[in-house]
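Two chains, two separate frames, one set of hints: put the complex together.
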Amino acid sequence: MQNSLGLESNAAVGKPKRRGWLRRHYGIYLFALPAIVLFLTFSVYPIIYSFIRSFSDWQLIGASPFVGLRNYRTVLADPNVGIAFKNALLNFVVSIPIQVVFGLLLAIVLDRPIRGRGFFRALFYIPVLVTWIVVIQIYLYMFNKDYGLINYLLLKTHLISEGIDWLGSPTRTLVSVFAMGGWKGIGWAMLIFLAGLQSIPTDLYEASGLDGASKWQQFRYITIPGLRNTTVFVIVLLSIGAFNVFDQVFLLFTGAAPSDYDVPLSMIYNKAFSELNFGYSAALSYIMAAVIIMISVIQFKVLPKNSGTEG
Amino acid sequence: MGLRKRNFIMKALRYFVLIGFAVITILPFWNMIVVSLKPFQFAMSYPPQLLPSDLTFANYKEAWTSGNFGHYFKNSFLISIAATVGGTLVACMLAFALSRYRFPGRKMIFGMFIGTMMIPGITFIIPQYLLLKNLHLLNTYSGLTLLYIAGAIPFHMFLYKGFFDDIPKELEEAVVIDGGNRWTFFSRVAIHISLPAVATSVIMLFNGNWGEFLGALTFMSDPEKWTLPVAIRMLQGTHTTEYGLVFAASIISMLPIIALFLTFQRFIIKGIAAGAVKG
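For the protein sequence lines, the chains are S and D, in the order given.
Numbered according to numbering that gives the first Met the number 0, the first sequence spans residues 0 to 310.
Numbered according to numbering that gives the first Met the number 0, the second sequence spans residues 0 to 278.
Isolated chain D (complex conformation) (with noise of 0.2 Å):
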């Protein structure tokens, strides 16, 4: 057999197997957004719909209305964008110094948090939820905020951590020279350098805030006050069966969280694989 001929065999193996598992990945998600596309009484029709026919946009209309997930969306990103910020930012920082720095207590604090990821979250709800009541910060905004930020520090500490310790030492005694200081070199050039790993902790941290339902379910009771993963899980449990109706508010969920993805996910993808390398 020549070796073009094996060649092309190869490849198209290769094809095969990577259009073959498209279709399984694409295939729940195609079958959920032609659902959501159709009049109600198509949801529970056999064989199921795949072909977009009779589509009409009147399940999103719904949802983004009467639904209210105009607000719940709003309420999400609110959250998520806070608690991105802030936990990127306290996370760095204290990523900038375990890595660069040694100083009295510095294992203490690395062992503190590394020790605590071991535990599961589910294990602390009862007295996070007594604290925050305790605080006034129950049904609040910034008392869920406040919980996203610390329970994201630990993983993305260490993320930064990986890539913070690869700096080398000259890059920051060049900084002192040209008469910067700790701070400058963290801002200008620490964050530059590592723009991969922000990029991937930003998009991690957006996500797992943005799907986050458990402390939402438990500590935002107010319907004022839910995040998209707990009114659409209010909304399956109101209308078990109109599934068009649910597809339609997950869709919208999930929207920026896909766009966010693929426009950055060059850094992302280079991000996550350096971040399991390195710790």
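With the rest of the complex left out, here is chain S (with noise of 0.2 Å):
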């Protein structure tokens, strides 16, 4: 491999001649072709194979008939589509301001030198990186109805006077799902934050400083508009994020969810998995998918250039 690296290669971005240049700029090629083969084979492959199969009666065995767009038209009419959407807006409007919130409160303490700024950085960090099947093990036990911590809290500060059945319907479960799932994500959200305020020049609070404006006058006219584009970037990954919900959704129940508890990616699941209903479930993912992509088109609109867009 090693002598075909020729270094002119840079020089080559002009019209080279294919052939020749081919040639002696294969080792280009071969820097991305691990990376494409697999992609095609495990990830291309199978997108393309259910987006066709979404328009045919899919049968793991024996034929699968073309049904147009049969499939669409039943999810598009099933009411437990709908349930499933409003569920993920629900967790869209419990666990984003809480990311939100504390992430910007943490990053602001955190921002400027203070004793112990490492570890606590690293503290809050940990909920992020720990996975869903140990917290959602940690949420059955905390918020259980007779001996939970959350309960016992809540009851010792007075704030309740009898026990709350956390898991006694779909709406308290999902909304305490979705708080906890919030918490875990702060650290994140911290992270971001962090990295916004630290790109904000410091000679505009120099500045601002010789010509006397107070700390607060620094938060309310430089930090606040300084954060904006940051803080754009975070709630459309955390929006994305939160229409993509499964993990917590998914682990609450060994089983197959109730239809009340479910979220579109758990339904596409149990679709396919409990019901071996394939089609739909196909059906319903690129409903699922153009809904995604809508929300980053969306994303590539407000977001201004050179801002953290790519991420």
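FRET-style restraints, in silico, Cβ to Cβ:
#1 S:N79 / D:I113: 31 to 37 Å
#2 S:D164 / D:G114: 41 to 47 Å
#3 S:E205 / D:P167: 24 to 30 Å
#4 S:Y220 / D:F7: 21 to 27 Å
#5 S:K300 / D:F7: 45 to 51 Å
#6 S:D164 / D:N6: 44 to 50 Å
#7 S:F252 / D:P167: 51 to 57 Å
#8 S:G225 / D:F7: 22 to 28 Å
#9 S:F118 / D:Q40: 31 to 37 Å
#10 S:I199 / D:F7: 22 to 28 Å
#11 D:I113 / S:R69: 28 to 34 Å
Quick partial rundown of chain S residues pointing at chain D, CB under 10 Å, derived from the structure:
#12 I107
#13 M141
#14 N243
In the DSBU-like style, the derived pairs of lysine-lysine whose C-alpha atoms are separated by at most 30 Å in a straight line are:
#15 S:K214 / D:K4
#16 D:K269 / S:K214
#17 D:K73 / D:K132
#18 D:K10 / S:K214
#19 D:K10 / D:K269
#20 S:K300 / D:K269
Derived from the structure by calculation, the hints contain no laboratory data.
For glycine and all other residues, C-beta sits at the position ideal for the given N, C-alpha and C.
Have a look at this one:
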């Protein structure tokens, strides 16, 4: 491989003679080849396959006759799909404010040097690293009606007079598990806000300090506008994540979740693996993908250039 | 109000927020750790167990030996290491090619990787299952490893590309003048400059692979091949009320990640932040 990797390649940006160019520079393709082969096989091919099958009465064994848009029509007419999207929206409403508000607060507190800064920053990031398999166990334990820590603390502080049955209704369960998701994600938001704070030029603070601006004025007129793009970036990524919610809902039950608890992704999984309704599942997948792509397109429209748009 | 007094109040306020939030962060884990170290009957007692007394390692012993978690630990470890090494190498090389050179098809390749990032993974889990079945890779370490590598490419390519884009051209020219070639530049220079990105990517990859459960649950039905998340899930299914045991198993599974993170946290925090800002 070594001797074929001619260095003049960089210069060959203009209009090379294709053949000779290829012969001298196939080394570049060698760099990209392993990724391309793996990705085509294990991601692109399955995506295309399931997309095509979403227009058929998909059977794992035997023929899968083409049925046009029937699966898509069934999905759109299914009231459970509405519930699933509403539940995802609930996650959006519950988990995003928690992450944005606390992430921002912690970032502001940790932006300037303070003893223990590194320790706190690392500590707050740990919940982000822990898999939902573990977090859901903690959730089920802490939110237990009879012996859970949450009810204990609420009772002790007299915020409630009798234990709440958190796992008793879909709304209560989902709100509490989404809140736990917010708790889990605060560290991530904090890190991104910290990066945003650090990218605000320090001379802005120095200059305004010389002009007699107070700390509060600096915060109001430099820090807050300076964080605008970061905030949009955080909210957009959290929104995509909020609609893609799956782990915590899927793991709540050992079997398939009752449909009241479903979010779109858990519904996709359950339709396929519990009901063996693969065509329906595939159609719902692509409707979901369309929603995610729409959110992402709005992201690129709203975000100004060079402000972390690419992340 | 004097400046010193105001600074003192500000500092006290900052510590108040930090310590208050530290409690909120630690408390759930603390609850879990205490329960895992207590005999069975304490798991469902009221008030909740927060004070370490009557401690025993019985749950850990049971999880590791009769729960077979030693074996699952090994499975997880092998698959995570292989997928992390593979994913890093493959994503890094792709990012290098896309970042440093203009070549026919470059835009198309980039678009293919980024475009599919929007489609949720569950969408194609069934075709993946069928594919693995046809390739005789169901219930194999290599099958799951290959899926993990492929799935990780887009995001990690993106992370590396942000760093490679910033390496000045002159540096590459200098390597050429010294008689190096593209591979020398990649392996000796580019990787070294991008060490924060490498550390971030490696930890994120390892953590992702270590905690992944949906693929493992779907493609590894043979109990001999279970990874830690699947095993914890199964343990919870069969020992619903034995929280101490389930928590002990959970903590065993968390330790490598926490250790790895605390060792490299300086790098990682820099890398994640830079990745977010640069893309």
